[in-house]
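Engineer: Residues per chain are reported as follows:
4 protein chains.
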Amino acid sequence: VSNMQVAVLGATGMIGQRFIQLLEGHPFFDINGLYASERSDGKRVSQVLKIKDYEFDQETLETEIKQIDVKKIAESCRIAFSGLPSEIARDIEQDLADKGVAVFSNASSHRMRDDVPLLIPEVNPDHLEVIRSQKTFGDGGFIVTNANCSTTGIALPLKALDDAFGLKLVCVSTYQALSGAGYPGVPSLDIIGNVLPYIKSEEEKMEMEILKMLGILEDGRVRFADFDMLANCVRVPVIDGHLESLIMTFVEDPDLDEVASALSEFRADPQHLELPTAPIEPIIVRDEVDRPQPALDAYAGEPERARGMAVTVGRLRKKDMYFKAFALSHNTLRGGAGGSVLNAELAVEKGYLR
Amino acid sequence: VSNMQVAVLGATGMIGQRFIQLLEGHPFFDINGLYASERSDGKRVSQVLKIKDYEFDQETLETEIKQIDVKKIAESCRIAFSGLPSEIARDIEQDLADKGVAVFSNASSHRMRDDVPLLIPEVNPDHLEVIRSQKTFGDGGFIVTNANCSTTGIALPLKALDDAFGLKLVCVSTYQALSGAGYPGVPSLDIIGNVLPYIKSEEEKMEMEILKMLGILEDGRVRFADFDMLANCVRVPVIDGHLESLIMTFVEDPDLDEVASALSEFRADPQHLELPTAPIEPIIVRDEVDRPQPALDAYAGEPERARGMAVTVGRLRKKDMYFKAFALSHNTLRGGAGGSVLNAELAVEKGYLR
Amino acid sequence: VSNMQVAVLGATGMIGQRFIQLLEGHPFFDINGLYASERSDGKRVSQVLKIKDYEFDQETLETEIKQIDVKKIAESCRIAFSGLPSEIARDIEQDLADKGVAVFSNASSHRMRDDVPLLIPEVNPDHLEVIRSQKTFGDGGFIVTNANCSTTGIALPLKALDDAFGLKLVCVSTYQALSGAGYPGVPSLDIIGNVLPYIKSEEEKMEMEILKMLGILEDGRVRFADFDMLANCVRVPVIDGHLESLIMTFVEDPDLDEVASALSEFRADPQHLELPTAPIEPIIVRDEVDRPQPALDAYAGEPERARGMAVTVGRLRKKDMYFKAFALSHNTLRGGAGGSVLNAELAVEKGYLR
Amino acid sequence: VSNMQVAVLGATGMIGQRFIQLLEGHPFFDINGLYASERSDGKRVSQVLKIKDYEFDQETLETEIKQIDVKKIAESCRIAFSGLPSEIARDIEQDLADKGVAVFSNASSHRMRDDVPLLIPEVNPDHLEVIRSQKTFGDGGFIVTNANCSTTGIALPLKALDDAFGLKLVCVSTYQALSGAGYPGVPSLDIIGNVLPYIKSEEEKMEMEILKMLGILEDGRVRFADFDMLANCVRVPVIDGHLESLIMTFVEDPDLDEVASALSEFRADPQHLELPTAPIEPIIVRDEVDRPQPALDAYAGEPERARGMAVTVGRLRKKDMYFKAFALSHNTLRGGAGGSVLNAELAVEKGYLR
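Here the protein sequences line up with chains F, P, W and D, keeping their order. Each step along the first sequence adds one to the number in this note's numbering, with nothing skipped, and position 227 is 1110. Each step along the second sequence adds one to the number in this note's numbering, with nothing skipped, and position 150 is 1033. Each step along the third sequence adds one to the number in this note's numbering, with nothing skipped, and position 4 is 887. Each step along the fourth sequence adds one to the number in this note's numbering, with nothing skipped, and position 22 is 905.
Among the clues, some could well be false.
Heads up, the list lumps identical chains together, so a pair's fine if it works in one copy or across two of them.
[To be verified] Straight-line alpha carbon distances no greater than 30 Å define the calculated BS3-like cross-link-like pairs of lysine-lysine that follow: (1) Lys1207 / Lys935; (2) Lys1083 / Lys1201; (3) Lys1202 / Lys949; (4) Lys955 / Lys1201; (5) Lys1083 / Lys1202; (6) Lys1095 / Lys935; (7) Lys1018 / Lys949; (8) Lys1201 / Lys1233.
It is worth saying that the hints were derived from the structure and are not from the lab.
Throw the hints in and build the complete structure from the sequences for me.
Structural biologist: Right, dumping it as structure tokens:
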């Protein structure tokens, strides 16, 4: 069968270009069109390059980016991957869903709607079911969101630990990469030799989103999890890769080996279904005393297509009833475009996109 | 009266040079000699400069550094300020105390001895009393230590909050500056565009030291405080100034204004005694959404002699029973040499150095 | 006598704020009003702070910034210091001159006009005389410009060397700080762990401006100097302080000591007139093998008011007929606002502002 | 036929590990042993990893590093690749040659000997012939050196331009990466937010080496080239990739297109012989206004085995008789281990290793 036709929205931005990267040669999807705001209409990818660690195909580099045209996208594409800024994503994404397009979005606009799943295939694949409540579902249109980049990085290990031991308290402090702020993002004058202890709305997103994702599906709606979740967020001068400090307590009292095993042995739907962008080992546990580090672990994940899709956890320690660890994930791959691509792969395999 | 004669040990290092900076023109103390290891014997300060943000007097720059000679120091100096590496500090500091010298040390070697105070004048001035248990005290010799740089930065706000509301749980994650690792310290290849989630022994020190300092003096010994104290420590590419993320619960349930007031109105012995290196306002509370930052707040503190001696706290937030905040302090001034100089000033004023 | 009333244009920007810094407590000038674009109308200085290494007076922090109003400025101010972006500076500065205001500008718009001096008081104080050709001069209005930041940094040493030995060839390669690009300026994603070998129009400016400034005044016009001047410009991840690599030949063949003396003994009008912002020693020659460095030498210059106004030259070497050196200067002080303030001080002392 | 057995000396260092990387799966060579100083005897590669952008084979990671044993290496290996520090390289390398081993060295110890070629296969392949003068050549032992990293980066374009137009003057200013200083190398405290205008002996090496390499072979010896070659060297906070600013004059007066063509069309022995580590296009000329950049161009070079072996040249400009450009190359691949591997490949193909 031929591949599904997909559109990339926000193709001039950091997340949009990660979508393009991940869709090059994708076994399920073919890029049908690249779209962005009016300002970039007619530019080629080569003129607006944002990603420095990946070389696009020559054909991609020469592809023209067009102004977003909902009608045209609806006519030619079954799926739209959205890397749009939240302020404009809200309406455009809904318009696309209204016209029968399946939207997989990295924007925060619709994340907390109770008929929109905030989806990580390893964490809450069953939540995908809530799209049936969207009034456009019958015509094939719906919206699925992926979580905020800093939420995603800890959602996998927290899911594994919640399943195994029951979470009671999670205190997280982040060390977030610059690419999370998009481009141009953080001025260099503010961050060279400095760190910035403020990222607008980030802590609120982390504290809410994690509870929604670890919540239980009941009667087609998500009942939020109810452990204590506290976040402090900081920007650091790193290009890619969010590091996060974790201090946790559980309902049960496992020993350290049990915690390490619960993490490293964690497998879920994407692994069972062998989704193309799923890492074989979704959570990599490292023993070295000084890992994970952004410079060494941001691109963890195998096979090649899943580079940057694994979460690395290290420095597991126990003190009394508390557990301490660090988690690291790639914020624009696993925590951005990669999350939505994996969501779409799950939707395909689960039959929501027929 | 003439000033006390003091020696600086470890004068070629980062902390040693901060001692020299703070002792230039000091109203109580005169530098009698600069000392370091055999390797630097005969070098002048100008040849081994480590500090980039302070200009030493021309006379200081031309002062010769000599190899440590305990006998000679004991003959000429009442006080020794030690910025020695811990592995050699243990014996030299004890030898000096044995010979009647009052040692104010930044090294960790003697910090946890129960007859050695781990002293911050704003936090536990009464602990100074434990030096009476040191067998050399009768002859004028004793050792007083200041806390680890990352412990010091939060000790002041935690003291203010413990006094006011009773601490139950403190989760701290650090963003520590490079100068904390001394010179040459962290290789640039490891930290450009990266952060390092491991600092040897740092978390253990923070978790123990804070409980000792917030402990109560009973029968000439310190009974440790017993709240839950958890630390995750990370090195970031910042020159000076440790930022620390705090998530806390208290015995009482204050509102945010009460917490802010408890911090900003905090005053203690150094302020009452008007010690030369004491900041007028020991804890500065900032309202801006993105403070404190190392680049802006590391050198907080007035008057001029107390630059870098204030702790800045910002981003106070409350969520349910949890309180969140960030604290920032200068790690080699308040958290290093400045701590010991302030300790010596307190000891002078309290009459321990007659 | 009372101080002259001055306006600062572009008060929300990096250069505008350096103007405010240098005018606080100035012996000749009083800030009468701060001005910027409509967008910032009504904001206070504290809300738009850009400079991290200087603390403004409380009164300054609370001063309101107003939208530029040429008529009002002309009524209340004798001088306008302009830190405006070049694209809007052209008309506003001319309008002010037309209304009798003396404009001292950091913008490039009018620099190459033959009736506008491109002025560095140590280099070409006599060029100030060309303002008599401006048709507004009779009514007290005129425009004086300072040079581009990277040109200024080498103009002083090149002037000293040209006077002494005659320049034949100058090859300069720059290592330019981020503050030279204004705020927000260079995105952090582009410069962390990277350098950028392109700064728009910078090389052209350097190559032309230096020849105009080292030119000779003939019949009220400047005849450009005619040595070979080649520039390659690069942005590096440094906050403040442009470093510049120099490879030069001279008409004469001095030895290294003569070159060092010509630089370190250089004095000019600002020193003779003891202008408030003039450094006592305008060119500081250093012998250390690894100086000048931005982190150590950007703020060179005494007295206090002239901090950042001296140029530091080091690593003087000779090879055959070639001379090699590095020069460093503060790009927004000496190479920005400080240049214009010094120009205005010269104009006052030379009687052009009566 | 089976592959040649090779030893890697200095296997714990930055260059040594680049040798290992390039020799993994090499079509000519098999790693027979990894060697370093006594201090590392018995450590495995995984314990001393220095390179962050390459993943070694699991087998390599587990390989033991042994203390250097000249006798043993001579018994088992035909070739030794040396990434030893210069101070110890001199004797060990000569001892190996004395025992019949062909040494391909990155150390500077023997570079200027007149019977040792300073070899870049694209630049001076015929210089390899001077090894016949080494008294050990008859027994199969000899030493071949590659050039300093910063020399190598410009040697290719300078060769192409010298052949085409005749060099008269070359002024180069470098922007050198941190990996060039080895590990631990430059302390982070010295380079965060700073640049360092001094690299010991670097300028002297550049000025001499380029003239030796562009010299002519006469009677089995190299007659040095005699154009004017001036270098200023600076360390910048970049991990890998030396950028170099070039200002040049030629004997002839080509136009810009001719210069661009001379560079981009340059091919030499490694390309004709299709050596495994040779880039198909040794000099890549870019038209973008802001290239080359370390973050984007350090790893230029195809096929896969030649990643980091191409030199990228950009910003070609002409002003009067002067030509300006920037060149960039990977300092530990093309300018380090890759240079020596390519030298060995050339020696094999030219029949010197039978």
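Engineer: Evaluate each hint against the coordinates.
Structural biologist: To see whether the hints hold, each was checked on the structure:
1. Lys1207 / Lys935: Intra 33 Å, inter 26 Å, cutoff 30 Å: inter-copy only.
2. Lys1083 / Lys1201: For Lys1083 and Lys1201, only the inter-copy Cα distance (17 Å) is at most 30 Å; the intra-copy one is 32 Å.
3. Lys1202 / Lys949: Answer is neither; intra-copy 55 Å and inter-copy 40 Å both fail.
4. Lys955 / Lys1201: Neither: 56 Å inside a copy, 48 Å across copies.
5. Lys1083 / Lys1202: Between copies only: 17 Å across, 33 Å inside.
6. Lys1095 / Lys935: Close neither inside one copy (34 Å) nor across copies (37 Å); limit 30 Å.
7. Lys1018 / Lys949: within (29 Å within a copy, 51 Å between copies)
8. Lys1201 / Lys1233: Classified as neither; 39 Å inside a copy, 42 Å across copies.
The earlier numbered hints that this structure contradicts are 3, 4, 6 and 8.
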